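Trainee: Residue strings, one per chain:
There are 2 protein chains.
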Amino acid sequence: MQGKKIAFIATDMVEEVELTKPWQAVKDAGGQPELRSIKSGEIQAFNHYDKSNKYKVDKEISSARMDDYDGLVIPGGVGNPDTMRMDQDAVEFVRSFFEAGKPVAVICHGPWMLVEADVARGRKLTSWPSLKTDIRNAGGNWVDEEVVRDSSRRASRTTCPRFARSSSRNSGRACTRASGRIQPPPRSGARAGVPCRGRGGGSSVGRAPGCGPGGRGFKSRPPPLAVA
Amino acid sequence: MQGKKIAFIATDMVEEVELTKPWQAVKDAGGQPELRSIKSGEIQAFNHYDKSNKYKVDKEISSARMDDYDGLVIPGGVGNPDTMRMDQDAVEFVRSFFEAGKPVAVICHGPWMLVEADVARGRKLTSWPSLKTDIRNAGGNWVDEEVVRDSSRRASRTTCPRFARSSSRNSGRACTRASGRIQPPPRSGARAGVPCRGRGGGSSVGRAPGCGPGGRGFKSRPPPLAVA
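As you go down the protein sequences, you meet chains E and B in turn. Position one of the first sequence corresponds to residue 1 (my numbering), numbered consecutively onward. Position one of the second sequence corresponds to residue 1 (my numbering), numbered consecutively onward.
So that you can see chain E by itself, here it is in the shape it has in the complex (with noise of 0.2 angstroms):
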């Protein structure tokens, strides 16, 4: 992981614990994440329906290259892929990592973009509950269950990425799906509409004071995973 540039993809409404969480895991483990997004500025993140911290985008996904990047993340947040979905360049974004076999790790309702990208066919899946049937219809084997790693179609791409499973205990808490509700994190402390910027890296995401994903782990239901 050390050294390896991992995309984030994401927008308003995206759950802010499945955004810092693997944010976090790929720092810990020596590796360069970067949030693209469909607008510029910032994001909104929410713990499931109540507003949380906002987040500074890196760039726009319009201009990027699959080929800048080792691995895509895609956090859940029932809003954020619902309107990825519809932006045609995320879209192609997220078909370009498949299409290369590079790693590509989907967490709650972020699976809507591969079913977008047409690249769920033939895929084991699992996702947040309420996209089994969207899945299955777009030829996935969705399964019930809490972490699943495919690699039955790409095989250079690995299952569970590495630097989703790297041995940062956090990271692989979020390497979990759960069955019920997501449990939002600990109250961060922070005021929701602050800009929480990056201190003493690269990243532009995450450590001002409440911001950051440090402390913050799945107590009671992690958040649902799938490794595509």
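What the hints contain is simulated information worked out from the structure, not anything from laboratory work. Certain hints may be false.
The list cannot tell twin chains apart, which means a pair is met if one copy fits it or any two copies do.
Pairs of lysine-lysine, DSS-like flavour, derived with a Cα cap of 30 angstroms [as the list claims (entries may be wrong)]:
# : residue 1 : residue 2
1 : 51        : 5
2 : 51        : 124
3 : 56        : 102
4 : 102       : 5
5 : 39        : 5
6 : 132       : 39
7 : 59        : 4
8 : 56        : 5
From a predicted model like this one, the values you see are computed outputs, not experimental measurements.
Based on these hints, arrange chain B on the given structure of chain E.
Mentor: Same frame as chain E, but now just chain B:
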């Protein structure tokens, strides 16, 4: 419509205007709307991603019988059908209207309920654009039109139900689909979280100051509606 009983099904994150406008249209036409939900108490309506008013649930869906109603309305709001589609009682309730050939009006993200009930197959439908692929993968004929009427499979089922196509100007305008984002309705002036209770009617949804649909209109972009 006089005396007809119309079931509205919704839960948290229902798009407020998609609940209140058709509701008022039913009342204006002499019908009796009733709010059924997968939970008791109140549901939290949204204006896109902003919390708005709460609405009192008349009864839970689990005790609902299709025979007790003359028609069904399924409002949108991304989190609303995303949650309801995981409730088997809600899905069966929707399916029963199609099996009986009773009129159903579906708005915005509402068609996910038709996908889940497997009643989209072979039907001409529209929706919020993000659902296009899910509807097509479910066998539906998704079209990018403002209003869709479908009667191909159920001779007894009207296309755009009369209660949603009444002479009410507001109602008629609710029967349209926009290609862009939903524009939130004018500010209600009511504080979020304040329960809205009906006035002078059997309904519990409604007309408290700022809560009801009175005076609101789709000034620019009306919400999508799929009529199945």
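Trainee: It remains to establish, for every hint, whether it holds in the given structure.
Mentor: Comparing the hints with the structure gives:
Taking the shortest Cα distances, residue 51 and residue 5 sit within 30 angstroms of each other inside one copy (28 angstroms), while across copies they are farther apart (37 angstroms). In the homo-oligomer, the alpha carbons of residue 51 and residue 124 never lie at most 30 angstroms apart, since the shortest distance is 32 angstroms inside one protomer and 36 angstroms across protomers. Within a single copy, residue 56 and residue 102 get their C-alpha atoms as close as 25 angstroms, which meets the 30 angstroms cut-off; across copies the closest is 49 angstroms, which misses it. Taking the shortest alpha-carbon separations for residue 102 and residue 5, only the intra-copy value of 12 angstroms comes in at or below 30 angstroms, while the best inter-copy value is 54 angstroms.
With identical chains, the CA atoms of residue 39 and residue 5 are at most 30 angstroms apart within one copy only, with a shortest distance of 20 angstroms there and 44 angstroms across copies. Within a single copy, residue 132 and residue 39 get their C-alpha atoms as close as 28 angstroms, and across copies as close as 22 angstroms, so both meet the 30 angstroms cut-off. In the homo-oligomer, the alpha carbons of residue 59 and residue 4 lie at most 30 angstroms apart inside one protomer (17 angstroms), although the nearest pairing across protomers, at 54 angstroms, exceeds that limit. Taking identical chains as interchangeable, the C-alpha atoms of residue 56 and residue 5 lie at most 30 angstroms apart only when both belong to the same chain, with a minimum of 17 angstroms there against 49 angstroms between chains.
Hint 2 alone, counting from the list given before, is not met by this structure.
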